[in-house]
Each structure stands twice: as structure tokens, then as C-alpha cells.
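Peer 1: First to last, the sequence lines map onto chains A and B. Going by my numbering, the first sequence wraps up at 259, each residue one higher than the last. Going by my numbering, the second sequence wraps up at 259, each residue one higher than the last.
Wrong hints could be hidden among the right ones.
Note: identical chains are not told apart, hence a pair may lie in one copy or across any two.
[Stated by the list, open to error] Subject to a maximum C-alpha distance of 25 Å in a straight line, what follows is the list of computed DMTMM-like cross-link-like pairs (lysine to aspartate or glutamate): (1) K180 x D212; (2) K176 x D210; (3) K176 x D212; (4) K183 x D207; (5) K183 x E208; (6) K100 x E181; (7) K180 x E193; (8) K100 x D207; (9) K58 x E208; (10) K180 x E208; (11) K106 x E150; (12) K180 x D207; (13) K51 x E181; (14) K58 x D110; (15) K58 x D173; (16) K100 x E208; (17) K176 x E208; (18) K106 x E152; (19) K51 x E160.
In short, the hints are calculated from the structure, not lab data.
Number of protein chains: 2
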Amino acid sequence: MPQYPITARNRVRRLPKRGHYDRKTVHAIIDEALVCHVAFAPGGVPTVIPTLHARVGDSLLLHGSKASRLMKHLADGHPVSVAITLVDGIVLARSVFHSSMNYRSVVIHGSGTPVEDEAGKLAALEAFSEQIARGRWADARKPSRKELKATTVISIPIELAAAKVRSGPPLDDEADYDLPIWAGVLPLGLRADTAIPDPRLGRGLTTPAYARRYQRTPAGRSNAS
Amino acid sequence: MPQYPITARNRVRRLPKRGHYDRKTVHAIIDEALVCHVAFAPGGVPTVIPTLHARVGDSLLLHGSKASRLMKHLADGHPVSVAITLVDGIVLARSVFHSSMNYRSVVIHGSGTPVEDEAGKLAALEAFSEQIARGRWADARKPSRKELKATTVISIPIELAAAKVRSGPPLDDEADYDLPIWAGVLPLGLRADTAIPDPRLGRGLTTPAYARRYQRTPAGRSNAS
Chain A
35 MPQYPITARN RVRRLPKRGH YDRKTVHAII DEALVCHVAF APGGVPTVIP
85 TLHARVGDSL LLHGSKASRL MKHLADGHPV SVAITLVDGI VLARSVFHSS
135 MNYRSVVIHG SGTPVEDEAG KLAALEAFSE QIARGRWADA RKPSRKELKA
185 TTVISIPIEL AAAKVRSGPP LDDEADYDLP IWAGVLPLGL RADTAIPDPR
235 LGRGLTTPAY ARRYQRTPAG RSNAS
Chain B
35 MPQYPITARN RVRRLPKRGH YDRKTVHAII DEALVCHVAF APGGVPTVIP
85 TLHARVGDSL LLHGSKASRL MKHLADGHPV SVAITLVDGI VLARSVFHSS
135 MNYRSVVIHG SGTPVEDEAG KLAALEAFSE QIARGRWADA RKPSRKELKA
185 TTVISIPIEL AAAKVRSGPP LDDEADYDLP IWAGVLPLGL RADTAIPDPR
235 LGRGLTTPAY ARRYQRTPAG RSNAS
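Bound-form chain A, shown alone:
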């Protein structure tokens, strides 16, 4: 299935031309992003929390402490909505009204199920580690059985999902193009500075390649597609 079904729940309503429902676009945005925002509504009252995510195939994974309110709520199967947003630039139109952002975002609706088995949990934690820094899992001290037990992993099917994308130059009202006002795009992106070694770093340990040349681009990291 190259395309997600378009339903009342995931259809892009505002500016529908910006909507994309193909797996490739949706997955690429999820994979490039470092954080997501999870909305849940205990007692019908909405709350939103930033957290890390990972993707394995058509599942979005979230994790947290077993004691976390969010994790307990999601493990109980309550509805959830997750937004993942990449900011690509500021669009300065001649008019304030048409000024905008270039962005790529995904919103997923659904509900989660806890990953209960130890092997599944371990695979999920590997996916989180690789989502953050590809190559890190091989180097780091793996989770102990106790640490695994203290962690809840939630899997949400990526199905009621839609991407929304704006790119390119400003689009002004035709009459405004004659105004003597500069217009254009300021490209933006999440960039890494030089890695800062831990003050307690052991002697002779050099910065690994994934920390030296870190970038959040689809080419710079990867997950199972």
C-alpha cells in the first residue's frame, strides 16, 4: 500500500493542496524529525507533551517511564494524536497576510498498544537509539533487564496519517508584486555544532564518526523502511 487511506479523521482540511498521503513522504518526515508532540485527553481535557519517537515499518513508537501518566494512558488504549514537524524556512511575502513558513509535518491519529515482550522492547529501544544517532546502539551499553522493565514502549499504527508540506517562494497577491518590498525565503534547519565530550570522559576515547558529522537529514541517518 503506497498510500494511506484518506478519511474524515486524517484528511487535511485547511489548504488541502498541501496534503500528502503517500507512505514515502510520511515516513521521510517521521524519520528526519527528532521530537514529536503527543496529544492525549484524559477526561476529555487535551494535554500535549514533547517526546522522542521512532518508526519501525508502519508503527510509530513512543517510550517512557513505566510510572509516566502518558504511558499509562496510552497503554490503556485511549485515543492519541501525534504531530511531527520540520521547520524548513520563513517565507517573507510582501504582505504580512501571505507571509508563512516552509515546513513538512505529519499528524497521526489512532491509539496505541504496549509492546510487552522483551525482544520487542529491546528492538524498540534500538530503534529509538538509532533514531537519535545512527550507529550509537553498537557502541552504547545496552539496556539491562531491569531497565527494560522500567520502560514502557507504545506502538501506534501509522494509518490515519497525513503529511502537510509547504515549500518554495512566497505567493503574493498579484498587485503586491509591484511594491518596493524585499521578499524571499530564509531557509532554516536543525544543525549540529561540534560535539562536547563528557567532562568525565575516559582517556583515549575519541569522538565517534556519528557524533563528529551529525546531521538530521534523511541521508544522515536511517531506519528500516
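Once you have looked at the hints, place chain B on chain A.
Peer 2: Relative to the frame of chain A, chain B by itself:
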């Protein structure tokens, strides 16, 4: 009031040491961020949407098309939660379990009221414009009466608010410090590349200073504090 009241609604539950309730910390995070994530729950079902925001004093402002489902929902006074997140770095601990992010986030709970009067709306749109690029309002073509009418502005009191901040090096289990594993922080930030002039840019128009030296730091821009 230098500090927001701590209640059951805004208290940081997970890792309470990372919680901050002082106005200065909360405002600085809101002002530096370019996007927020708004959670609402029509019929009790949570939805989350990324959008721009601005701050004027102790009010968080959102805006959108008069036709937007979110704007109508918020104008009706339904509860809302807004998260604003700045990603500052990746924390690579020796163990996967203690690996983390450096971040500054704010979550606000409350409900909004529409800004109805024309002067208030215009001031809000100025705040949005300045939030995106300080100095732009003076240059751009201001909103017409018709454009103002097509725009809904929602004001949410910043009151049930909390910031959550992690900074600094990894914190590993004491026993793990002896492992021959590199650890440290990869600093991250939203950075601007060279501005791209509109292909239809009028002759003789040069890139303004705010687009040439653009940065998302508190010093790089400002709002009424």
C-alpha cells in the same frame, strides 16, 4: 508576579527537578520558538496541530483562517493545551537508558478568547510578524481590513504554565563511567542559511538586515516583555 502558581494542572510530574515556573524562563522559551503545537479535543478526541504563535505580555496568541476548525473550536472557549519545544542537543550517555535530549519546553493549559476589535487584531498580527522576523512589520504591506476580517486571533492566558529544561552532560550510572564508551553532548539549534530572494523580486531591492543575519536567539529578536 515573578512565578506562575503551581497547581495539579501545570505541575511537572515526570522529573520534577526539571520543572520551572518563573515567568522569565517561560517567556524566554516562548519568545525564542518559531512554532508551537496546539492540542484540542473536539468530542473528547485529542488532535494536535503545529502553528505559529506570538506572546504579548502574559498572553499567548494564535491565529488562523476564520474558516479553520481549530480557530472556531478555540473561539468557543474549549480547553486547549499548547507545547513549545526548543531542541538544544542530544545527550549520548554511556548507557542507552540514560541517553537523553537537552531541551527547553513550555506547556500551557487553559482556554482562549477571540480578539474581536480591529486594533487588538492588528497589534496581534504585528506580534506574529515580529515573532517570525523582528523588523519585518515596518517593511511589509500591512493587513487590509478584509484580511483582518478573514483572520481569527485567539488569546490564551499564560498562567497554568510550566517550563521543563534539561541541560548539561550525560548522567550515567556510577559503574558505567569506567566503560570504554565515548559520551557527550551534540549541541543542536535551528540555524538559518543564506536568504533566497523571491524569483520575482523587484530590481534594486536588497536583502534587509533581519533576513541577512537571521537567528533564533532571544538576542536576535524580541517582543514586549
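Peer 1: Please go over all the hints and tell whether each is borne out by the structure.
Peer 2: Now for the hints, and whether the structure bears them out:
no. : hint        : result
1   : K180 x D212 : between (67 Å within a copy, 20 Å between copies)
2   : K176 x D210 : between (59 Å within a copy, 11 Å between copies)
3   : K176 x D212 : between (61 Å within a copy, 15 Å between copies)
4   : K183 x D207 : between (58 Å within a copy, 17 Å between copies)
5   : K183 x E208 : between (61 Å within a copy, 20 Å between copies)
6   : K100 x E181 : within (10 Å within a copy, 49 Å between copies)
7   : K180 x E193 : neither (33 Å within a copy, 39 Å between copies)
8   : K100 x D207 : between (53 Å within a copy, 19 Å between copies)
9   : K58 x E208  : neither (34 Å within a copy, 43 Å between copies)
10  : K180 x E208 : between (64 Å within a copy, 16 Å between copies)
11  : K106 x E150 : within (13 Å within a copy, 40 Å between copies)
12  : K180 x D207 : between (61 Å within a copy, 13 Å between copies)
13  : K51 x E181  : between (45 Å within a copy, 21 Å between copies)
14  : K58 x D110  : neither (30 Å within a copy, 37 Å between copies)
15  : K58 x D173  : neither (30 Å within a copy, 39 Å between copies)
16  : K100 x E208 : between (56 Å within a copy, 23 Å between copies)
17  : K176 x E208 : between (59 Å within a copy, 16 Å between copies)
18  : K106 x E152 : within (18 Å within a copy, 45 Å between copies)
19  : K51 x E160  : neither (36 Å within a copy, 28 Å between copies)
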